[in-house]
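**Student:** Sequence:
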Amino acid sequence: MAGKVFRSHFLLGRGQARRILDGAFALARQQGLEPLTVVVLDGGGHVVAAEREDGCAPLRFPVAQGKAFAALGNGVASGVVGERNIERPAFLASVAVASGGHFVPVAGGVPILDEEGRLIGAVGASGASSGEDEAASIAGIEAAGLGWGREPEWD
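For reference, each letter of the sequence shown is one residue, going 59 to 213 in the numbering used here.
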């Protein structure tokens, strides 16, 4: 079939990404949070959708993207990555360099899981406190009917 253009297969579509953004912003407005920027990445780390609310500072986009990339690249929430490696600053710095600066190990980035618990993307939010950013990311994922996983309870 000379000339046929083949479409890519995707696991996280634009419609799902839009629902994640809408869910994150709905929680932020309901709770009166500072303006957010939210970035949704697919499983390859590419931006599927991103949006900022009026009033966000310019650095919110790369921070939100870096939080999402940290979650995607490690398969666990970005805040967990930071907490687990707090005593390993050289490791965190090395990963930040290796990722071209697209690695922010601070709460606000959350992995996106499909119905079988497979990692299909990540969302990151920036603008409010780190915990509020993470809550907005989780609300967005849940609004899209997707999973995000939870940390197991440690003995």
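Calculated directly from the structure, the hints in this document are not laboratory data. Don't be surprised by glycine CBs; every beta carbon is placed ideally from N, CA and C. Don't take every hint at face value.
Simulated restraints, written as ranges between beta carbons of each label pair [to be verified]:
hint : residue 1 : residue 2 : range
1    : Pro116    : Gln88     : 20 to 30 Å
2    : Glu174    : Gly102    : 41 to 51 Å
3    : Leu117    : Gly90     : 19 to 29 Å
4    : Gly203    : Pro147    : 33 to 43 Å
5    : Gly61     : Gln88     : 48 to 58 Å
6    : Gly90     : Val63     : 28 to 38 Å
7    : Gly175    : His67     : 13 to 23 Å
8    : Gly61     : Ala151    : 41 to 51 Å
**Student:** None of the hints should be skipped; say for each whether it holds.
**Tutor:** Going down the list of hints, with the structure as the test:
1. Pro116 / Gln88: 20 to 30 Å: Cβ of Pro116 to Cβ of Gln88: about 26 Å, so the range 20 to 30 Å holds.
2. Glu174 / Gly102: 41 to 51 Å: At roughly 19 Å between Cβ atoms, Gly102 and Glu174 fall outside 41 to 51 Å, so the hint is violated.
3. Leu117 / Gly90: 19 to 29 Å: At 22 Å between Cβs, range holds.
4. Gly203 / Pro147: 33 to 43 Å: holds, 38 Å
5. Gly61 / Gln88: 48 to 58 Å: With a Cβ separation near 51 Å, Gly61 and Gln88 satisfy 48 to 58 Å, so the hint holds.
6. Gly90 / Val63: 28 to 38 Å: About 47 Å separates the Cβ atoms of Gly90 and Val63, which means 28 to 38 Å is violated.
7. Gly175 / His67: 13 to 23 Å: At 19 Å between Cβs, range holds.
8. Gly61 / Ala151: 41 to 51 Å: The hinted range 41 to 51 Å holds for Gly61 and Ala151, with Cβ atoms some 48 Å apart.
When each numbered hint is compared with the structure, violations occur for hints 2, 6.
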